Amino acid sequence: MSRLVRILTTLLLVSMATTTAMAQSDSASAWKTAIIVDLTTTQAAYSDSWVGGEAGSFNWVGNLNGSAEKQLQPRVNFKSTLKMSFGQTHTQDKDTKNWNKPVKSTDLIDWENVARFTFGGYVDPYAAFRVETQFLDASFDAKKRYLNPIKLTESGGIARVFYDKEDGQIMSRLGLAIRQMMDKQITDTVALSTQNVSTTDGGFESVTDVSYAFNERLKYTGKLTLYKALFYSEKDAVQGTPFENDWKAIDVNWENIINAQISKIVTVNLYLQLLYDKQVSVKGRLKETLGIGFVFNLM
10 MSRLVRILTT LLLVSMATTT AMAQSDSASA WKTAIIVDLT TTQAAYSDSW VGGEAGSFNW
70 VGNLNGSAEK QLQPRVNFKS TLKMSFGQTH TQDKDTKNWN KPVKSTDLID WENVARFTFG
130 GYVDPYAAFR VETQFLDASF DAKKRYLNPI KLTESGGIAR VFYDKEDGQI MSRLGLAIRQ
190 MMDKQITDTV ALSTQNVSTT DGGFESVTDV SYAFNERLKY TGKLTLYKAL FYSEKDAVQG
250 TPFENDWKAI DVNWENIINA QISKIVTVNL YLQLLYDKQV SVKGRLKETL GIGFVFNLM
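All residue numbers for the sequence shown refer to this note's numbering, where the first residue is 10 and numbers rise by one.
Check each hint, because a few of them may be wrong.
Calculated lysine-lysine pairs in the BS3-like style (CA-CA distance at most 30 Å, straight line) [claimed, not checked]:
hint : residue 1 : residue 2
1    : K292      : K152
2    : K88       : K174
3    : K92       : K113
4    : K92       : K153
5    : K193      : K152
6    : K174      : K41
7    : K152      : K287
8    : K292      : K193
9    : K257      : K292
10   : K244      : K160
11   : K88       : K232
12   : K237      : K160
13   : K287      : K92
14   : K257      : K92
15   : K110      : K160
16   : K296      : K88
17   : K110      : K193
18   : K257      : K232
19   : K174      : K113
20   : K232      : K41
21   : K152      : K110
22   : K152      : K237
23   : K41       : K152
24   : K296      : K228
25   : K232      : K174
26   : K113      : K292
27   : K88       : K273
28   : K152      : K113
29   : K160      : K88
30   : K292      : K232
Simulated from the structure, these hints should not be mistaken for laboratory data.
Please read these numbers as outputs of a predicted model, since none were measured by experiment.
Build the full structure now, drawing on both the sequences and the hints.
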């Protein structure tokens, strides 16, 4: 509970700081905001007399992508981005025709805040804070663990904007980062008791953000994050094991979103993510989702 309180307190403080800055009328420029909410569903149903072994199904995914950027002062630029996704798959038993318990298909909360100090040089110093988690940890059905696990990343270094026009922006950052991973692990599957486990590492981080609108209907958003750890709090615990050097490998997270708006409220979304974390798997992991749904531009 104390961990959740700390996280919520941090988020509240950042939100309050952002709200205060938005209220200032004498700042250098206006807020550039965007909030897009979309809902994608697919459904299939069969009558009891249907032959062939097919079963009904229902899938839904909801996404929220938001951003807010402002030149708070002539030498301070602040940008906040938020990505949230959640979806479930419902399937019908082909023999009994009863509907099974829904299974989570998508779950993500990713909130990043970056402050750049724009002194007019070739690069800008920056400080960033990022929270990555999920709504529900469904790895063990009998025990619901909300907002678990949580990864916090605090970083600082230099940043450069290579492209900044009305149709998009390309910005890269390079600096030092400290990551804290907090996981509420199940210690007893019968008593359903849990234990808070926290690990910390630090090293170099490189982040490149790309957003580009090819036209009014076709947009691309990409994010490439590379991380090389220099120290790890559990180094001694894994020493002498076959995976004692896994934490030294470079972590890769490459996200790509292509949004094609067919009409005012109908959109096609393609999400492609490539992950590599040797501590999780020696192989790369690929996630791809493609859907047609309804989109709402709130700002």
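Here is how each hint holds up against the structure:
Restraint check: the Cα-Cα separation between K292 and K152 comes to about 29 Å, which is no more than 30 Å; the hinted pair holds. In summary, the hint linking K88 to K174 is supported, as the alpha carbons are separated by about 16 Å, within the 30 Å threshold. Distance restraint check for K92 and K113: the Cα-Cα separation of roughly 17 Å lies within the 30 Å cut-off, and the hinted pair is therefore satisfied. Among the hinted pairs, K92 with K153 is consistent with the structure: their alpha-carbon atoms are about 22 Å apart, no more than 30 Å.
Among the hinted pairs, K193 with K152 is consistent with the structure: their alpha-carbon atoms are about 11 Å apart, no more than 30 Å. With a C-alpha separation of about 13 Å, the suggested pair K174 and K41 falls inside the 30 Å cut-off, and the hint holds. A hinted pair counts as satisfied when its Cα atoms are at most 30 Å apart, and K152 with K287 qualifies at roughly 27 Å. Restraint check for K292 and K193: satisfied, since their Cα atoms lie roughly 25 Å apart, inside the 30 Å limit.
Proximity of K257 to K292 is assessed by CA-CA distance (about 15 Å); at most 30 Å being required, the pair is judged to hold. Distance check on the hinted pair: K244 and K160 sit about 18 Å apart at the alpha-carbon level, within 30 Å; holds. Of the supplied pair hints, the one linking K88 and K232 holds, its CA atoms being roughly 15 Å apart against a limit of 30 Å. Between K237 and K160 the alpha-carbon distance is near 16 Å, which keeps this suggested pair within the 30 Å criterion.
A C-alpha spacing of about 25 Å is found between K287 and K92, which places the hinted pair at or below 30 Å, so the restraint holds. Between the alpha carbons of K257 and K92 the distance comes to roughly 28 Å, so the proposed pair stays at or under 30 Å and holds. Taking the CA atoms of K110 and K160, the gap is near 29 Å; set against the 30 Å cutoff, the hint holds. Taking the CA atoms of K296 and K88, the gap is about 27 Å. The hint holds against a cut of 30 Å.
Restraint check for K110 and K193: satisfied, since their Cα atoms lie roughly 24 Å apart, inside the 30 Å limit. Annotation: proposed proximity of K257 to K232 holds, straight-line Cα distance about 22 Å (limit 30 Å). This hinted pair does not check out: K174 and K113 have alpha carbons roughly 38 Å apart, beyond 30 Å. A threshold of 30 Å between alpha carbons decides the hint, and for K232 with K41 the separation of about 19 Å falls inside it, so the pair holds.
About 15 Å separates the Cα atoms of K152 and K110, which keeps this hinted pair within 30 Å; it holds. Annotation: proposed proximity of K152 to K237 is violated, straight-line Cα distance about 34 Å (limit 30 Å). For the hint linking K41 to K152, the alpha-carbon distance of about 41 Å lies beyond 30 Å, and the restraint is violated. At roughly 20 Å between alpha-carbon atoms, K296 and K228 fall within 30 Å of each other, so this suggested pair holds.
In summary, the hint linking K232 to K174 is supported, as the alpha carbons are separated by about 18 Å, within the 30 Å threshold. For the hint linking K113 to K292, the alpha-carbon distance of about 23 Å falls within 30 Å, and the restraint holds. With a CA separation close to 27 Å, the supplied pair K88 and K273 stays within the 30 Å bound. Distance restraint check for K152 and K113: the Cα-Cα separation of roughly 15 Å lies within the 30 Å cut-off, and the hinted pair is therefore satisfied.
With a CA separation close to 20 Å, the supplied pair K160 and K88 stays within the 30 Å bound. Of the pairs offered as hints, the one joining K292 and K232 holds, with about 20 Å between alpha carbons and a cut-off of 30 Å not exceeded.
Consistency note: the structure conflicts with the earlier hints numbered 19, 22 and 23.
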